[in-house]
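Colleague: Spelled out, the chains give:
There are 2 protein chains.
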Amino acid sequence: MAKKKHDANDPSLKSWIESANTKDTEFPIQNLAMCCFFRPGDDPAEGALPTCGVRIGESVIDLWELVSARLFDDLDGVPYENADIGEVLGLGAPNLSLFAQNPKALRVAFRNRLSEVLRHDTAALRDNPYLRAAAVFDADQVDFAPPTAMLNYTDFYASIHHATTVGTMFRPDNPLLPNYKWVPIGYHGRPSSIVVSGEAIRRPIGQQAPADGETTPGFGPCKLLDYELEVGCYIAEGNELGTPISIKEARERIFGLCLVNDWSARDIQKWEYQPLGPFLSKSFATTVSPYIVTAEALDPFRCAAFKRAKGDPAPLPYLSDSQDQKSGGFDITLDVYLETEQMRKAGKKPHRISSGRGFKDMYWTFAQMIAHHTVNGCNFHAGDLIASGTVSGPGPTQRGCLLESTWDGPGKPRKAVELPGGEKRTFLQDGDTVILRGFCEREGFKRIGFGECRGTVMPAGV
Amino acid sequence: MAKKKHDANDPSLKSWIESANTKDTEFPIQNLAMCCFFRPGDDPAEGALPTCGVRIGESVIDLWELVSARLFDDLDGVPYENADIGEVLGLGAPNLSLFAQNPKALRVAFRNRLSEVLRHDTAALRDNPYLRAAAVFDADQVDFAPPTAMLNYTDFYASIHHATTVGTMFRPDNPLLPNYKWVPIGYHGRPSSIVVSGEAIRRPIGQQAPADGETTPGFGPCKLLDYELEVGCYIAEGNELGTPISIKEARERIFGLCLVNDWSARDIQKWEYQPLGPFLSKSFATTVSPYIVTAEALDPFRCAAFKRAKGDPAPLPYLSDSQDQKSGGFDITLDVYLETEQMRKAGKKPHRISSGRGFKDMYWTFAQMIAHHTVNGCNFHAGDLIASGTVSGPGPTQRGCLLESTWDGPGKPRKAVELPGGEKRTFLQDGDTVILRGFCEREGFKRIGFGECRGTVMPAGV
Numbered sequence: 000m001a002k003k004k005h006d007a008n009d010p011s012l013k014s015w016i017e018s019a020n021t022k023d024t025e026f027p028i029q030n031l032a033m034c035c036f037f038r039p040g041d042d043p044a045e046g047a048l049p050t051c052g053v054r055i056g057e058s059v060i061d062l063w064e065l066v067s068a069r070l071f072d073d074l075d076g077v078p079y080e081n082a083d084i085g086e087v088l089g090l091g092a093p094n095l096s097l098f099a100q101n102p103k104a105l106r107v108a109f110r111n112r113l114s115e116v117l118r119h120d121t122a123a124l125r126d127n128p129y130l131r132a133a134a135v136f137d138a139d140q141v142d143f144a145p146p147t148a149m150l151n152y153t154d155f156y157a158s159i160h161h162a163t164t165v166g167t168m169f170r171p172d173n174p175l176l177p178n179y180k181w182v183p184i185g186y187h188g189r190p191s192s193i194v195v196s197g198e199a200i201r202r203p204i205g206q207q208a209p210a211d212g213e214t215t216p217g218f219g220p221c222k223l224l225d226y227e228l229e230v231g232c233y234i235a236e237g238n239e240l241g242t243p244i245s246i247k248e249a250r251e252r253i254f255g256l257c258l259v260n261d262w263s264a265r266d267i268q269k270w271e272y273q274p275l276g277p278f279l280s281k282s283f284a285t286t287v288s289p290y291i292v293t294a295e296a297l298d299p300f301r302c303a304a305f306k307r308a309k310g311d312p313a314p315l316p317y318l319s320d321s322q323d324q325k326s327g328g329f330d331i332t333l334d335v336y337l338e339t340e341q342m343r344k345a346g347k348k349p350h351r352i353s354s355g356r357g358f359k360d361m362y363w364t365f366a367q368m369i370a371h372h373t374v375n376g377c378n379f380h381a382g383d384l385i386a387s388g389t390v391s392g393p394g395p396t397q398r399g400c401l402l403e404s405t406w407d408g409p410g411k412p413r414k415a416v417e418l419p420g421g422e423k424r425t426f427l428q429d430g431d432t433v434i435l436r437g438f439c440e441r442e443g444f445k446r447i448g449f450g451e452c453r454g455t456v457m458p459a460g461v
Numbered sequence: 000m001a002k003k004k005h006d007a008n009d010p011s012l013k014s015w016i017e018s019a020n021t022k023d024t025e026f027p028i029q030n031l032a033m034c035c036f037f038r039p040g041d042d043p044a045e046g047a048l049p050t051c052g053v054r055i056g057e058s059v060i061d062l063w064e065l066v067s068a069r070l071f072d073d074l075d076g077v078p079y080e081n082a083d084i085g086e087v088l089g090l091g092a093p094n095l096s097l098f099a100q101n102p103k104a105l106r107v108a109f110r111n112r113l114s115e116v117l118r119h120d121t122a123a124l125r126d127n128p129y130l131r132a133a134a135v136f137d138a139d140q141v142d143f144a145p146p147t148a149m150l151n152y153t154d155f156y157a158s159i160h161h162a163t164t165v166g167t168m169f170r171p172d173n174p175l176l177p178n179y180k181w182v183p184i185g186y187h188g189r190p191s192s193i194v195v196s197g198e199a200i201r202r203p204i205g206q207q208a209p210a211d212g213e214t215t216p217g218f219g220p221c222k223l224l225d226y227e228l229e230v231g232c233y234i235a236e237g238n239e240l241g242t243p244i245s246i247k248e249a250r251e252r253i254f255g256l257c258l259v260n261d262w263s264a265r266d267i268q269k270w271e272y273q274p275l276g277p278f279l280s281k282s283f284a285t286t287v288s289p290y291i292v293t294a295e296a297l298d299p300f301r302c303a304a305f306k307r308a309k310g311d312p313a314p315l316p317y318l319s320d321s322q323d324q325k326s327g328g329f330d331i332t333l334d335v336y337l338e339t340e341q342m343r344k345a346g347k348k349p350h351r352i353s354s355g356r357g358f359k360d361m362y363w364t365f366a367q368m369i370a371h372h373t374v375n376g377c378n379f380h381a382g383d384l385i386a387s388g389t390v391s392g393p394g395p396t397q398r399g400c401l402l403e404s405t406w407d408g409p410g411k412p413r414k415a416v417e418l419p420g421g422e423k424r425t426f427l428q429d430g431d432t433v434i435l436r437g438f439c440e441r442e443g444f445k446r447i448g449f450g451e452c453r454g455t456v457m458p459a460g461v
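Protein chains in written order, with numbering that gives the first Met the number 0: chain A, 0 to 461; chain B, 0 to 461.
Honestly, I wouldn't trust all of these hints.
Said to hold, decoys possible - When the alpha-carbon atoms are kept at most 16 Å apart in a straight line, the in silico EDC-like pairs for lysine to aspartate or glutamate are as follows:
hint, chain 1, residue 1, chain 2, residue 2
1, A, LYS180, B, GLU213
2, A, LYS13, A, GLU25
3, A, LYS359, A, ASP298
4, B, LYS180, A, GLU213
None of these hints come from the bench; they were simulated from the model.
Okay, chain A solo, but in the shape it has when bound (with noise of 0.2 Å):
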């Protein structure tokens, strides 16, 4: 009997959570964004674990919950025969690490089969009070974790106008280096300073330039706190030190992308990154947002590849793959608010202050920068994380940091951003918070989102 097969990115599915077929949901059936979060009454101060979940609507899910009642059992796509599934999926570890690097086939059939679960004419768990009542929780009930292990962390540099704009302001004849359109730009991050949406951020300490005309550094918090809008990829299966991934299998290792906040003390990146690149600049604090959404979520909103303008070299052929290039980028629109202290005492919602389709626009695509960063011999381990550098459009409105989008031009003071009530900013302020969000949109399929990526600046010291 030929069961009709279901497609979970189709937009006619509802689900029995009524709170995901809402018009202005970010979680309808059609995403599942994947998680890890803290069961309401574990307390990770008390040595609780986190558990991996899904994001539906205004829930969240326990999959260790759902595996455990054998609501997976006889996926297709398990590589090994008589294997027990909960072992095989790695839904039962404390973040979704094992989880990622499970085959592709094998992550896809998961998905197809709990978008059966969840939706809404399937009783398995609608109709099961007792499994309802020990997997699904509200999602503002709970606190999350971050969603992966992420051993390896790599911020990129990919965003062209970010590229373009920056370098404007050190070198405003020669803006690109030229190593730019050959090389993927990147640098590896911090992993132990990454945290989750929501974790304040404590304004970092540390040497600053001199002053211009002087020697001596300064030393203090920073003066020059900036955010940074990216997007992050988790890498799926791992490859073996000396075993690179080419740019054809480098589409099917991307597991899933989230929101980037790479905070920036520009003052102690000027001073400190020449000749070996950003430090203590960087790693006092990364923020991702809680959610994975994953590669096949994001399907519909494959986009090319960015169209390289006449004269820029063709990629290298490790990095050129015809495939890569026709949907190789993600059409995803990204929107910074800011709330100051000011703001949220006079009951002002969060200010928006850009928008943009920019990361249409990187120059190089998640799978490039794979293919790039494992031509070496590097290795990944599931669930490490890439982020692609701050993500700027070509408009003035459309850009990632408060270095670019107040910059008014060599030798001009910053143009400040201005925001209700009257303040100001060219940097953060104490009791800032920065909201990152995202989300995906294309005629005949369901708005998907990625949820927030947010953080409150507290006071440097303790």
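Following the hints, complete the assembly by docking chain B onto the known chain A.
Modeller: Showing chain B alone in chain A's frame:
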């Protein structure tokens, strides 16, 4: 009854393990270098995990077996009452990161007890053939594993001789950048590609700087493969994100030291490193020696911090500590040996290509590096690795990498290193084995060594 306090560094101590009492051993009972190894017959390919050990003479000892045999009950310094000593020490883990997290007093008490257990006149293990059979193995019969989890890895640039020589190559009139004497320059390295001594190193492939006058980069196997002689420092207790480690506290956060070969692809590095620092030129492999020579074993070999020249700025207050200035350095003799395939076939011994005590002359101490690294609130996990950067002494025979040791001045061709049998090297060739060694000696103390940090270059490709 007052017991005479046992001094684990007493040079007159002897062990019942006879190979620890020879004149030339690097691992006398005064060293007690810690490590992780696979017990004979345990196959990592079948999922076996390494065990925590100590190296003494020609033996390695499984510390978990000793803990299980209750040889460490009633230690001083245990921070919890009625705690199970095995759980507290954390030596049942597959690496030493849990052990490293213990407060210094407990690590010292453990070391003293271990020294007593191995002392010539202590019968507990010596006269227990069952326990000896379970716990004591020939060091050359086991495979070693990385000694800690090394969740985070940072590489510094602390040798002023190295920075000056390399700077001279690019900026003959102005070799040191203005920040060098203020900032302990460092960057985040790649944890995933750290391997333990003995693992083969695959020559990396990548983009290389265009030839002079060209604009198109090269691509292929690295042509300028180099080693970098470094000293690594394992962090003991970690710190919470947002909570700096002061220079005074930093000294006690040094768990121990090791040797590091930070393999470097110079042609890849030259092309990629602007503006965000070295990336794929380093992340194909970093080799660590198997042993952690503890801070306690190194205490007798402490020396003054580098004496700054007249006119050099004083370290900023957060990097200043009188005790650190007096004894924040380590006097280690470091040797680099090279063995080519031709030499191996001809039965020739590895040839020493550099030797020196340049580690005394590092511009920054490890305590300064730790205080700097955390001043912005960046957090360490116990067992994290920071490396010194290439260690070069003042003289031409004490240079820590080929980039430096074959440098003969601006505009001149590189001066090849000459090897027995008539071979020459400006950079490494396939089949070359690089061996780093280090030892400490001082009148009135027993000489101790670091063991080997060894790697052989394999051809590019799989």
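Colleague: Compare the structure with the hints numbered earlier in the document and write down the numbers of the violated ones, lowest to highest.
Modeller: none
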